[in-house]
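Peer 1: Sequence:
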Amino acid sequence: MKKVYIVDEHISSKQNGVGTYMKCLLSCLEDLDVDVNFLSFNSENRFFAVYEEKHCRYYNFPLCNHGKFLETGALCWLILKMYVDDSCDNVFFVNHSPCTDFLKNLRRYYRKSRIVFTIHDQGWTAPLLGDKEKLKEIKRKRIGKSQIHQTEYFCKKYFIEEQKMYHIVDDVVCLSPTTRQLLHDTYDVPEEKIHLIPNGLSVRVRKCAYSERNRIREELGIAPEERVLLFVGRTVKAKGIEILLKAFEELCRHHSNLRLVIAGEVFKLNEFSKLASQSVTRITYTGLLPKERLEMWYQAADIGVLPSYTEQCSYTGLEMMANGLLIVTTNGNGLTDMFIPDYNALVAFIDSSFPENLERTLHQALLLEDNIREAIRGKALEFVNSNYSLQSMKERYRKLLSQESRPD
0 MKKVYIVDEH
10 ISSKQNGVGT
20 YMKCLLSCLE
30 DLDVDVNFLS
40 FNSENRFFAV
50 YEEKHCRYYN
60 FPLCNHGKFL
70 ETGALCWLIL
80 KMYVDDSCDN
90 VFFVNHSPCT
100 DFLKNLRRYY
110 RKSRIVFTIH
120 DQGWTAPLLG
130 DKEKLKEIKR
140 KRIGKSQIHQ
150 TEYFCKKYFI
160 EEQKMYHIVD
170 DVVCLSPTTR
180 QLLHDTYDVP
190 EEKIHLIPNG
200 LSVRVRKCAY
210 SERNRIREEL
220 GIAPEERVLL
230 FVGRTVKAKG
240 IEILLKAFEE
250 LCRHHSNLRL
260 VIAGEVFKLN
270 EFSKLASQSV
280 TRITYTGLLP
290 KERLEMWYQA
300 ADIGVLPSYT
310 EQCSYTGLEM
320 MANGLLIVTT
330 NGNGLTDMFI
340 PDYNALVAFI
350 DSSFPENLER
360 TLHQALLLED
370 NIREAIRGKA
380 LEFVNSNYSL
390 QSMKERYRKL
400 LSQESRPD
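Residue numbers are given in numbering that gives the first Met the number 0: position 126 of the sequence shown equals residue 125, and the series is strictly consecutive.
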């Protein structure tokens with residue numbers, strides 16, 4: 000029987016997409032004939048602890064090295080070796096980056112075991128705002144440490160680290176066709192080492208009755224005439240939050256009944272307020288939300304907005320489709336794999352007029368005829384069911400785990 004060991008960082012996984020992925024991965028593995036083990040770093044335990052719960056064995060590593068667990072490989076793997084022998088049946092899943100030394104030490108103590116690295120993001124995507132051509136240009140040229148080339152130097156250094164990581168491991172899992180192509184063409188990863196396994200979601204269609212939706216909106220403080228635009232995610236530049244605020248500021252000049260809801264931790268409230276100085280009273284910042292509360296906002300919203308420059312395989316996008324929202328998104332890196340213009344979403348193009356493009360697309364979404372809106376929402380639900388189901392994710396992991404283990 001294969002023994003799967005999943006590496007997780009407890010603190011960050013509570014509030015990002017990796018945490019959602021972990022829950023879905025565990026759900027997939029429950030039905031497979033494997034022994035599941037969860038390695039939780041920076042856990043809330045004061046001491047190292049091992050226990051079993053719901054057919055899964057947990058190895059909880061307490062906070063150490065100020066939380067920089069990826070720098071503790073020489074220590075943590077030595078501790079794990081006291082409980083887990085090296086074996087061809089072991090499969091380690093690593094999900095955090097950059098972690099070259101972490102992987103080197105894992106390989107040092109577990110030479111027979113198989114190591115799988117899953118790409119949830121790459122170092123260049125946020126600094127370059129998803130510009131793949133810029134990455135290829137950076138790869139080709141020599142870059143100094145001067146201040147003017149700071150971003151390029153960071154991306155080049157990170158790129159080299161990623162190449163080393165992909166070389167150390169036995170398999171690389173990516174979440175989108177765009178990244179699969181990039182791994183092959185730009186990172187020079189052998190094709191047989193790459194596995195495309197998009198995120199999966201258990202889609203449970205919950206038709207919200209008109210009266211129930213009104214009750215939810217009233218509980219959330221939404222006026223009956225308000226039309227709600229919902230953004231869910233980290234409020235960082237790469238997620239398009241600044242562009243969204245600029246677009247919303249202009250959109251409010253033509254629509255008097257709008258409310259923008261930003262669900263996620265807010266880092267720069269003063270700066271955001273300046274970007275939307277006239278419409279600030281129409282913006283609601285919720286902070287981080289528990290799943291049940293977020294579900295209420297999905298039910299209450301009219302339009303889901305995903306204005307990112309780059310995504311690997313956005314759980315927010317999947318959840319918006321699964322909840323039947325009309326989605327406005329972009330043609331950013333990775334998003335073209337998830338959304339087809341005028342089929343399952345309305346798409347704003349990223350160029351020098353991005354704010355205007357997003358405003359225009361949101362305006363179009365607000366004015367859509369009912370039959371067109373319902374058609375797009377219906378196609379989105381079909382699309383997430385056929386391409387991003389939890390069952391499909393499970394079968395792809397079954398295939399990955401059934402492959403031959405690393406030779407001695």
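Any given hint could be a false lead.
Straight-line distance between alpha carbons at most 30 Å, and here's what the computed DSSO-like set of lysine-lysine pairs gives [to be verified]:
hint : residue 1 : residue 2
1    : Lys236    : Lys131
2    : Lys80     : Lys155
3    : Lys273    : Lys22
4    : Lys131    : Lys80
5    : Lys192    : Lys378
6    : Lys67     : Lys245
7    : Lys144    : Lys163
8    : Lys163    : Lys236
9    : Lys138    : Lys192
10   : Lys2      : Lys22
Treat the hints as calculated values from the structure; they're not laboratory data.
For clarity, every value in this text was computed on a predicted model and none was experimentally measured.
Peer 1: Which of the numbered hints above does this structure break?
Peer 2: Failing hints, ascending: 2, 3, 4, 5 and 6.
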